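Visitor: Each chain, letter by letter, is given below.
There are 2 protein chains.
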Amino acid sequence: MHRIGFVGLGAMGSLMAKNLLAKGFAVAGYDVRPEAGAALVAAGGEAAATPADAAAGADALVLMVVNSAQAEAVLFEAGALAALPPGSCVVLMATCPPGAVRAVAEKVEASGRKFVDAPVSGGTAGAGAATLTIMAAAPPAVFASVRPILAALGDKIFHVGERPGQGATVKTVNQLLCGVHIAVLAESFALAEKAGVDLELLLEIMSGSSASSWMLKDRGPRMLQDEPEVSSAVDIFVKDLGLVLEAGRDLKTALPLAAGAHQMFLAASGADHGRADDSQVIRSYRALNGRKT
Amino acid sequence: MHRIGFVGLGAMGSLMAKNLLAKGFAVAGYDVRPEAGAALVAAGGEAAATPADAAAGADALVLMVVNSAQAEAVLFEAGALAALPPGSCVVLMATCPPGAVRAVAEKVEASGRKFVDAPVSGGTAGAGAATLTIMAAAPPAVFASVRPILAALGDKIFHVGERPGQGATVKTVNQLLCGVHIAVLAESFALAEKAGVDLELLLEIMSGSSASSWMLKDRGPRMLQDEPEVSSAVDIFVKDLGLVLEAGRDLKTALPLAAGAHQMFLAASGADHGRADDSQVIRSYRALNGRKT
Numbered sequence: 001m002h003r004i005g006f007v008g009l010g011a012m013g014s015l016m017a018k019n020l021l022a023k024g025f026a027v028a029g030y031d032v033r034p035e036a037g038a039a040l041v042a043a044g045g046e047a048a049a050t051p052a053d054a055a056a057g058a059d060a061l062v063l064m065v066v067n068s069a070q071a072e073a074v075l076f077e078a079g080a081l082a083a084l085p086p087g088s089c090v091v092l093m094a095t096c097p098p099g100a101v102r103a104v105a106e107k108v109e110a111s112g113r114k115f116v117d118a119p120v121s122g123g124t125a126g127a128g129a130a131t132l133t134i135m136a137a138a139p140p141a142v143f144a145s146v147r148p149i150l151a152a153l154g155d156k157i158f159h160v161g162e163r164p165g166q167g168a169t170v171k172t173v174n175q176l177l178c179g180v181h182i183a184v185l186a187e188s189f190a191l192a193e194k195a196g197v198d199l200e201l202l203l204e205i206m207s208g209s210s211a212s213s214w215m216l217k218d219r220g221p222r223m224l225q226d227e228p229e230v231s232s233a234v235d236i237f238v239k240d241l242g243l244v245l246e247a248g249r250d251l252k253t254a255l256p257l258a259a260g261a262h263q264m265f266l267a268a269s270g271a272d273h274g275r276a277d278d279s280q281v282i283r284s285y286r287a288l289n290g291r292k293t
Numbered sequence: 001m002h003r004i005g006f007v008g009l010g011a012m013g014s015l016m017a018k019n020l021l022a023k024g025f026a027v028a029g030y031d032v033r034p035e036a037g038a039a040l041v042a043a044g045g046e047a048a049a050t051p052a053d054a055a056a057g058a059d060a061l062v063l064m065v066v067n068s069a070q071a072e073a074v075l076f077e078a079g080a081l082a083a084l085p086p087g088s089c090v091v092l093m094a095t096c097p098p099g100a101v102r103a104v105a106e107k108v109e110a111s112g113r114k115f116v117d118a119p120v121s122g123g124t125a126g127a128g129a130a131t132l133t134i135m136a137a138a139p140p141a142v143f144a145s146v147r148p149i150l151a152a153l154g155d156k157i158f159h160v161g162e163r164p165g166q167g168a169t170v171k172t173v174n175q176l177l178c179g180v181h182i183a184v185l186a187e188s189f190a191l192a193e194k195a196g197v198d199l200e201l202l203l204e205i206m207s208g209s210s211a212s213s214w215m216l217k218d219r220g221p222r223m224l225q226d227e228p229e230v231s232s233a234v235d236i237f238v239k240d241l242g243l244v245l246e247a248g249r250d251l252k253t254a255l256p257l258a259a260g261a262h263q264m265f266l267a268a269s270g271a272d273h274g275r276a277d278d279s280q281v282i283r284s285y286r287a288l289n290g291r292k293t
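Note that the protein sequences, when read in sequence, are chains P and H.
Heads up: the first sequence begins at 1 in the working numbering, then just goes up one per residue.
Heads up: the second sequence begins at 1 in the working numbering, then just goes up one per residue.
Please keep in mind that the hints were generated in silico from the structure rather than gathered at the bench.
Mixed in with the good hints, there may be bad ones.
Calculated cross-link-like contacts (lysine to aspartate or glutamate; reagent style DMTMM-like; alpha-carbon spacing at most 20 Å) [to be verified]:
1. H:K239 - H:D226
2. H:K239 - H:D59
3. P:K156 - H:D198
4. P:K156 - H:E227
5. P:K156 - H:E204
6. P:K252 - H:E227
7. H:K239 - H:D277
8. H:K252 - P:D218
9. H:K156 - P:E200
10. H:K23 - H:E72
11. P:K217 - P:E246
12. H:K107 - H:E46
13. H:K107 - H:E162
14. P:K217 - P:D277
15. H:K239 - H:E204
16. P:K107 - P:E77
17. P:K239 - P:D272
18. H:K156 - P:D198
19. P:K239 - P:E72
20. H:K107 - H:E77
21. H:K156 - P:D250
22. P:K23 - P:E77
23. P:K239 - P:E204
24. H:K239 - H:D250
25. H:K217 - P:D218
26. H:K217 - H:E204
27. P:K217 - H:D218
28. H:K217 - H:E227
29. H:K107 - H:D250
30. P:K239 - P:D226
Listed next, with one range per pair, are the computed distances between beta-carbon atoms [stated by the list, open to error]:
31. H:A254 - P:A103: 53 to 61 Å
32. P:A287 - H:T124: 35 to 43 Å
33. P:P148 - H:E162: 34 to 42 Å
Covered stretches of chain H (in silico footprint by chain P; criterion: 3 or more residues with CB under 8 Å from a CB of chain P, positions within the stretch not fixed) [as the list claims (entries may be wrong)]:
34. 124-131
35. 153-164
36. 167-174
37. 212-224
38. 252-260
Note that this is a predicted model, so its numbers are computed, not measured.
Glycine included, every Cβ here is placed at the ideal spot set by N, Cα and C.
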């Protein structure tokens, strides 16, 4: 596989497309924002005018769109699936509900194309450094055929199952832990600041104790800022924890901590902080409990 | 400071007292179990017949008892405070609610003695190796005066504030994060097993992803066993998350995730798993949701 169509050149997708270029793939990229296409051209790629143009002649079509509705629109309404050569492969890397992934896969495979369910974890930092974790589900031969693409984007490539939806399930579980870890960090900081504890020192102590988490080290410093740079927005976890709860409903599984965390992100979004860095879920706790002044 | 009274020669306290002896302090130790005093004598210390005897003539009185009720009994009922020379220092290292620590500190300081709120983290391993994390709150001069004692017991000594209760708050925040991290891991595994995902592979993936936590790496492997060795029991988190919620009540701070996690540990204890390894909080989720068979 050499020629890649890439739809969704957002915060992560633009970095991933550049990593494919850096590894020698030819990339035709499409995004609703024309400036994203221009940036890809500047990096040595090709800007496609439509999703179908990105898919035409491609060995694989990578979708790094926002959600499953966009993936369906790109494939089935904007004509990308029809433009993709038969036998080529759709690689869905967006975070989608497992049930939606199964439905998309069914239509793609019925059309004579292959399908890989391959969501990622690692955020913009992982996307930029090509150190994403990729949780791929596909028949072994199909997985093997796209492995070089995945290896250009991440360094922790897992084949989690053969059936579409299994990658999405693992990603869902990942987001459950990530979302709750961020919210509980905010909960702990909210308690500590009410007690008058120095939060910088607290973060240093927790970073080296049994209370540590990847999210504590990553989001902790930004949680201590009032207007931090946005690495990933509150609304992303409103969506992702929503997907977690949807998976729980599908499987008839109660998820009390995920549900609680979702409410806190939702409240932050409702208070007009949806575009703030997700560390700012702490604002929900401050609104709930009052901030020590 | 040279002469230390030490009350509470349990699993951790006995190791801590020996570390003080090894650093050249004179230690008079007391424990309700006489054999603990005998072991201290064998290590070069002195066995006190009562808490008051341990405190008599001491430069500092270290309390490594089970809870704040025991600390109060030792100081105010068994006469240790009255026996402690005026100007000497009480160092409370047990895990206690911040409000209780403040109340004890007030009575100690009103009597003309000094007080250091200095809970620890690191378990028996840290106690034995003198690598405890110590979260101390005291006025700077008082903290400086007991630093040699703390440095004999741990290697991560933090001065977290000047007011009693601030050390206990940091320890409380630590336990809040630890308890929720264990419970949410159980929640995520319960969802994944309902979806038919391979939990061993899932744990491997999460260990290297943004979903990782110290607890995931430590408790995760035991959570996949049905009857794991007990490292720390479910009932310890029933107690510790109870202290977290008590701190929240004192500070009028809602802690929804800690409250949810506490319920899951409590349910595990109620189902007669209180002495099982704390990873077995997953049994609460299985009881709640049914386990895929």
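Visitor: Mind checking the alpha carbons of K239 (chain H) and E204 (chain H) for me, to see if they're no more than 20 Å apart?
Guide: Violated, because 30 Å separates the two Cα atoms, which is more than 20 Å.
Visitor: CA of K156 (chain H) to CA of E200 (chain P), is that 20 Å or under?
Guide: Holds, because 16 Å separates the two Cα atoms, which is no more than 20 Å.
Visitor: When you check the alpha-carbon spacing of K156 (chain P) and E204 (chain H), does it fall within 20 Å?
Guide: holds, 10 Å
Visitor: Hint check: K156 (chain P) vs D198 (chain H), CA-CA at most 20 Å. Holds or violated?
Guide: OK: K156 (chain P) and D198 (chain H) at ~17 Å, within 20 Å.
Visitor: For the pair supplied as a hint, K239 (chain H) and D277 (chain H), is the alpha-carbon distance within the 20 Å limit?
Guide: holds, 14 Å
Visitor: Next pair to validate is K252 (chain P) with E227 (chain H); report whether the Cα-Cα distance is within 20 Å.
Guide: violated, 26 Å
Visitor: So if I understand the rule, the pair passes when the alpha-carbon distance is 20 Å or less; does K239 (chain P) with D226 (chain P) pass?
Guide: Status violated; Cα separation ~23 Å.
Visitor: For K23 (chain H) and E72 (chain H), compute the direct alpha-carbon distance and say whether it is at most 20 Å.
Guide: violated, 28 Å
Visitor: Starting from K107 (chain H), check that the Cα of E162 (chain H) is at most 20 Å away, please.
Guide: With a Cα-Cα distance of about 17 Å, the restraint between K107 (chain H) and E162 (chain H) holds, given a limit of 20 Å.
Visitor: Within a Cα-Cα threshold of 20 Å, do K252 (chain H) and D218 (chain P) meet the stated pairing?
Guide: Since the Cα atoms of K252 (chain H) and D218 (chain P) sit roughly 28 Å apart, the hinted pair is violated (cutoff 20 Å).
Visitor: Between K156 (chain H) and D198 (chain P), is the straight-line Cα distance small enough, at 20 Å or below?
Guide: Holds, at about 17 Å.
Visitor: Taken at face value, is the distance from the CA of E227 (chain H) to the CA of K156 (chain P) at most 20 Å?
Guide: violated, 31 Å
In this structure, the earlier hints numbered 1, 2, 4, 6, 8, 10, 11, 12, 15, 21, 22, 23, 30, 31, 33, 34 are contradicted, and the remaining ones agree with it.
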